[in-house]
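The working numbering applies: residue 328 is where the sequence shown begins, and numbers increase by one.
It should be emphasised that the hints constitute simulated quantities derived from the structure, not laboratory data.
Just so you know, not all the hints are guaranteed correct.
Stated by the list, open to error - Here are the computed lysine-lysine pairs in the BS3-like style, where the Cα-Cα straight-line distance is at most 30 Å:
#	residue 1	residue 2
1	K562	K604
2	K383	K562
3	K631	K383
4	K439	K516
5	K663	K383
6	K620	K631
7	K412	K451
8	K556	K451
9	K588	K604
10	K451	K439
11	K516	K383
Remember, it's a predicted structure, so these values are computed and weren't measured experimentally.
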Amino acid sequence: MKPIKTQAAQARFIGFCLLLFGTAACAPSTSDESTYTLVRADKAVTIQATGTLVSKNSAYLVVPQIPRMWNFRIDFLAPEGQLVKEGDSVIRFNSQELNRRLQDERMGLQGKETELTSYQLRAKERRESLALQVAEKRAQAKKLEYKLMVPEHLVERAELEKDRIRAQKAVLALQRIETEQRNLASEIKKRTTNLERGISKNKETINQMEQHLALLNVRATRDGMVVHKKNWRGKRWQVGDEAYPGATIAEIPDLTAMEVKAVVDEVDAGRVAMEQKVDVRLDAYPDQSFRAKVDRMGQIFRTKAYNKPSIVFDAVVSLLETDPELMRPGMATTIKLHVENLTDVLFVPRDCVAFRDGQAFVQQPDGWRGIAETPIQLGRRGDDWFEIVAGIEAGVTILRQHHDEEAAP
């Protein structure tokens with residue numbers, strides 16, 4: 328019986344060891360990656376926001392406003408990033424329709440000029456014909472006038488009466504021809520004026536069309552680099568696209584003067600102030616930070632986007648230092664706005680804090696009992712930390728949270 332007791336004792340001992348091993352395996356890790364020791368330190372309270380990089384002094388190249396033209400097909404677009412000089416061609420729109428209309432106007436002008444020339448020749452002939460008739464009638468009337476000046480006793484009464492009648496008819500004929508001559512002059516003047524006005528209008532239209540044709544070749548208004556803009560679909564313009572009047576196709580930015588159009592969450596808007604210090608990072612180059620300041624602030628709150636109902640506040644951040652080699656308009660940025668600097672505060676990383684029913688708490692390793700939860704009171708907060716106002720002291724080691732809890736209020 329004695330060996331049986333010994334075997335039983337050994338089995339109990341092995342089971343106890345396994346229990347100890349299992350308990351140790353289930354206990355939380357206290358490695359550096361899973362724990363954090365609370366300390367007091369100086370901290371900066373910041374607000375994180377997003378924005379888009381833009382140039383302060385961009386030259387925008389847009390689709391021209393041309394009467395009776397609503398669609399503009401891009402036939403040529405200088406490659407993005409290409410360096411251009413003032414006067415270089417950057418965009419050319421299709422001119423086929425405008426050239427056709429210009430040709431029609433030129434043909435119309437040619438027809439009106441031919442019509443005017445032909446009319447002037449006919450009018451000249453009519454004027455000369457009437458002038459000749461006036462001269463003849465005037466000579467005839469003068470001759471009869473002289474004839475009536477002969478003393479009556481030297482001419483038979485019947486013949487004298489006939490001469491008087493012929494003289495009256497000659498005067499009436501002269502008056503009729505002179506009236507016709509005046510009417511012709513008025514008619515010629517009116518008709519000529521109308522034709523010349525039509526020609527002038529045609530020439531003006533042709534001149535405008537030639538100017539409009541020149542507008543279809545959009546040239547650089549300054550030296551710089553070409554940057555393509557996005558259309559209403561969010562895609563950059565390219566050759567073959569149909570654009571609408573007033574659309575911005577490209578820009579030539581001043582890369583030495585840049586700013587960020589920032590979007591701040593509604594809850595943080597009250598902590599944004601003019602001249603506030605800002606750090607700007609380009610999402611494409613997150614390792615580099617650029618100094619900036621708040622330059623302008625929006626006057627109203629708005630919905631972030633039609634499919635994003637969150638409320639935001641706009642602000643413009645002016646960069647105090649730039650890098651023309653890296654920076655391009657349209658780049659996405661992440662900014663930190665400095666609210667205040669805190670001295671000797673007890674703080675805790677966000678990933679060490681959990682929330683349940685609106686109460687913040689941290690977890691501490693508690694020996695064989697596993698984990699103990701300690702409620703804490705939070706104060707101010709930064710991007711990735713909270714200030715601890717009460718509930719725990721510096722020097723305490725806590726666990727980082729790796730499970731889902733309520734989001735921070």
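Against the structure, the hints come out as follows:
1. K562 <-> K604: 34 Å, violated
2. K383 <-> K562: 23 Å, holds
3. K631 <-> K383: 23 Å, holds
4. K439 <-> K516: 16 Å, holds
5. K663 <-> K383: Holds: K663 and K383 sit about 20 Å apart, inside 30 Å.
6. K620 <-> K631: 23 Å, holds
7. K412 <-> K451: Violated: K412 and K451 sit about 57 Å apart, past 30 Å.
8. K556 <-> K451: Answer violated: K556 to K451 is near 62 Å, above 30 Å.
9. K588 <-> K604: The given pair, whose Cα atoms are some 15 Å apart, holds under the 30 Å limit.
10. K451 <-> K439: 18 Å, holds
11. K516 <-> K383: With a Cα-Cα distance of about 59 Å, the restraint between K516 and K383 is violated, given a limit of 30 Å.
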